[in-house]
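Colleague: Place chain B on chain A using the hints.
Chain residues, written in single-letter form:
Protein chains: 2
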Amino acid sequence: MRLQEQVRQQAVDGKSAAKYLQLASTEQKNRTLAAMAQQIVRQSDQILSANHTDVQAARDNGMGEAKIDRLLLTAGRIQEMADGLLALRDMSDPIGEITERFVRPNGLLLEKRRVPFGLVAMIYESRPNVTVDAAGICLKTGNSVLLRGGKEALHSNTALVSALQAGLSECGFPTNCIQIVTSTQREAIDEIIRMQGLVDLVIPRGGASLIQRIVQGSLVPVVETGIGNCHVYVDCAADLQMASQIIENGKLQRPSVCNATETVLIHQDVSESWILELVTTLQQKGVEVRGCDRIRQIVTTVGEATEEDWNTEYNDLILAIKVVEDLQGALAHIDRYGTKHSETIVTEDAQAAEQFLLAVDAAAVYHNASTRFTDGSQFGFGAEIGISTQKMHARGPMGLKEMTTYKYIGRGSGQTRN
Amino acid sequence: MRLQEQVRQQAVDGKSAAKYLQLASTEQKNRTLAAMAQQIVRQSDQILSANHTDVQAARDNGMGEAKIDRLLLTAGRIQEMADGLLALRDMSDPIGEITERFVRPNGLLLEKRRVPFGLVAMIYESRPNVTVDAAGICLKTGNSVLLRGGKEALHSNTALVSALQAGLSECGFPTNCIQIVTSTQREAIDEIIRMQGLVDLVIPRGGASLIQRIVQGSLVPVVETGIGNCHVYVDCAADLQMASQIIENGKLQRPSVCNATETVLIHQDVSESWILELVTTLQQKGVEVRGCDRIRQIVTTVGEATEEDWNTEYNDLILAIKVVEDLQGALAHIDRYGTKHSETIVTEDAQAAEQFLLAVDAAAVYHNASTRFTDGSQFGFGAEIGISTQKMHARGPMGLKEMTTYKYIGRGSGQTRN
Chain A
1 MRLQEQVRQQ AVDGKSAAKY LQLASTEQKN RTLAAMAQQI VRQSDQILSA
51 NHTDVQAARD NGMGEAKIDR LLLTAGRIQE MADGLLALRD MSDPIGEITE
101 RFVRPNGLLL EKRRVPFGLV AMIYESRPNV TVDAAGICLK TGNSVLLRGG
151 KEALHSNTAL VSALQAGLSE CGFPTNCIQI VTSTQREAID EIIRMQGLVD
201 LVIPRGGASL IQRIVQGSLV PVVETGIGNC HVYVDCAADL QMASQIIENG
251 KLQRPSVCNA TETVLIHQDV SESWILELVT TLQQKGVEVR GCDRIRQIVT
301 TVGEATEEDW NTEYNDLILA IKVVEDLQGA LAHIDRYGTK HSETIVTEDA
351 QAAEQFLLAV DAAAVYHNAS TRFTDGSQFG FGAEIGISTQ KMHARGPMGL
401 KEMTTYKYIG RGSGQTRN
Chain B
1 MRLQEQVRQQ AVDGKSAAKY LQLASTEQKN RTLAAMAQQI VRQSDQILSA
51 NHTDVQAARD NGMGEAKIDR LLLTAGRIQE MADGLLALRD MSDPIGEITE
101 RFVRPNGLLL EKRRVPFGLV AMIYESRPNV TVDAAGICLK TGNSVLLRGG
151 KEALHSNTAL VSALQAGLSE CGFPTNCIQI VTSTQREAID EIIRMQGLVD
201 LVIPRGGASL IQRIVQGSLV PVVETGIGNC HVYVDCAADL QMASQIIENG
251 KLQRPSVCNA TETVLIHQDV SESWILELVT TLQQKGVEVR GCDRIRQIVT
301 TVGEATEEDW NTEYNDLILA IKVVEDLQGA LAHIDRYGTK HSETIVTEDA
351 QAAEQFLLAV DAAAVYHNAS TRFTDGSQFG FGAEIGISTQ KMHARGPMGL
401 KEMTTYKYIG RGSGQTRN
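So the protein lines, in turn, are chains A and B.
11 is the number that our numbering gives to position 11 of the first sequence; each next residue is one higher, with no gaps.
30 is the number that our numbering gives to position 30 of the second sequence; each next residue is one higher, with no gaps.
Only chain A is shown next, with the shape it has when bound in the complex (with noise of 0.2 Å):
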């Protein structure tokens, strides 16, 4: 068969599969979750020999150590993605809830009822753990999922999914409810995101040239997460050492990942000796600072931050600082480079917190807390498919309730319209 019919016949099986899918009830679906869970634990041993087949190879082909350690599944590993399964039966399920009721005044009594996408598709990198999560917030969302992971997974994807579909089966759940694109070439993610009618919603997980891409071509409506180029805006009336800290946390807690802070911008009214032992100390924690000409006349050490610099998102312990006119400098600045996805201001001022909270055009804006925080673990909701940085749809973590969409149900008696 050839690719594109192949993962054609992938998505209409898939969207058959959502059919019976969105029918089923949350304790059929938690059932579901539970042998899901106890099938990779069972399969530790098939799933950690495929691993250790693309581990092999990617350290063959150079893969980097962080990579490598993104793509390493362990005992330990498969044991906490299991846990997550676990997790997402405990929590409730969104999937039929009546968000609105209302009667018109001819008696028509409309429901707004939370219903699944239908067949999702998920393209992303060379992560396992998003192989499971992704399937596990789909099932729990009534949602058929189609994963496209990075190719450097391929076999341990394989093997993931080829658990999950026992438990699937074990369950009587069509097996089509979860299922991997096996085929490693390009054409394989055109055809996905060309299958208007059958795909219902793309999520891209990755750098922003996949999304840029995936977005160019999608006939299908795409939700863009993850890219965050964010900012910690330090204002004249800053209470300093928290500000301190707020940037440490945001620069060197994970700095790989799209909530860390890329660029610091500080009003000129703060004091030289702050900033300098703010770079010094960050520096000393192996930090490369690159700042404006203010900034390394203060601290000669630093080095220049260029025009790319303001628009780069580093995910790496590089940090750019410029120091700002006023809050509409820090504004204007944040509206240019920003990503709309995390900005942070650190004042004692509840006037100009305010107008920063208000005027910032992005998925979350912080007053005194660190750019860190936009998380769906940390926001509360559990499980997390993207962030997404889009203003369709949903914006920021997307948990259970931002996989589903709504349908109105009608119910009349024989009403027509004047």
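Read the hints as simulated data drawn from the structure, not as lab findings.
Where hints are given, some of them may not hold.
[Claimed, not checked] Now the stretches of chain A that chain B is said to cover, found in silico as 3 or more residues with beta-carbon under 8 Å:
hint	segment
1	194–201
2	371–377
[As the list claims (entries may be wrong)] To list a few chain B residues with every Cβ distance to chain A over 12 Å, as calculated:
hint	residue
3	R59
4	E80
5	T184
6	S273
7	C292
8	G303
Where a beta carbon is used, it is the ideal one built from N, C-alpha and C, also for glycine.
Modeller: For chain B alone, coordinates are given in the frame of chain A:
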């Protein structure tokens, strides 16, 4: 200036106006809506004269009377538009509403707040009333708007927007809150839908080919609207008199609109004499009926319905009728040919009704009511910018709330992440 640069400059201006608009108070916006209403009435003469030019040209170019009627303005219709703006003024403002508020264990207070999208682009046909409706809805929801109506309505739309802008100026709002793209070239549309980062949302209203072209070319999130191949299923347990009323209402009350009924599916056990009566009545009322073999055996004057008929949204006095084996047969037909707009079951069997309401994948699913109810005013939304047939963001009638997105506001006291 080149066309592309011109359109892009309008988008930049619109985006900058959106920054002003998002901070405007409800009272300011309401005052402006009233001023806009007053201005279109005050400038009636100019608007009617511009509309006369459009209508003349359309007649000369052989436009059909139904379309001419949608293009035509009268003093009464201008007054209706003004009344529509005043009705918007009187509706509650969704912007700023805190829809959720929760405190995390670390003390971080999270608020989910409704905010405007920013800059919305409306691409639509030659209907001047859409110009005023869309401008009003966008203003009320704090969005600036780029209007690109059909070229046959260009003079009318230009005159209307000029009056609306006079209302904006009068209240100190930037006129760029409401802009019209005057180029009648298709390239203007191509440019609008490629302005990722400037345009926040595109809403096309029009025929299937316009909408498909936009979905295929757009880099900006799109809400697809209004393609409605709607069905009425007459179950074996239907109240047949009610069924006749619902079918006649769905086909005859306003055949040109998206929620009109296009195909009737009838359970095989429904009496032939009722079918004969239904078809005869419809034919007497000017409806051309096309049927499956079984229908044509019952009523010999009925033409043959082909595969194309099942797929067609007639928007006209034509109705396709098919006998199906049972409820499953009806569901399969709707699944295959429906456009996820509005679907109705007529039955006195509560269980069959629930099965239909759950299984059908559409924006609105009705039990014993006309498909014609899927409409902002019928739902009590007051205003409507279109009817979404996609699942992302909004489904069904889009009123004020559906023209908003949200952001999370985090209020902390120095929280950092462990």
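Colleague: Hints first: check each against the structure and report whether it holds.
Modeller: Consistency of the hints with the structure:
no. : hint    : in the structure
1   : 194–201 : holds (count 3)
2   : 371–377 : holds (count 3)
3   : R59     : 31 Å, holds
4   : E80     : 17 Å, holds
5   : T184    : 27 Å, holds
6   : S273    : 21 Å, holds
7   : C292    : 24 Å, holds
8   : G303    : 26 Å, holds
Checked against the numbered hints above, the structure breaks none of them.
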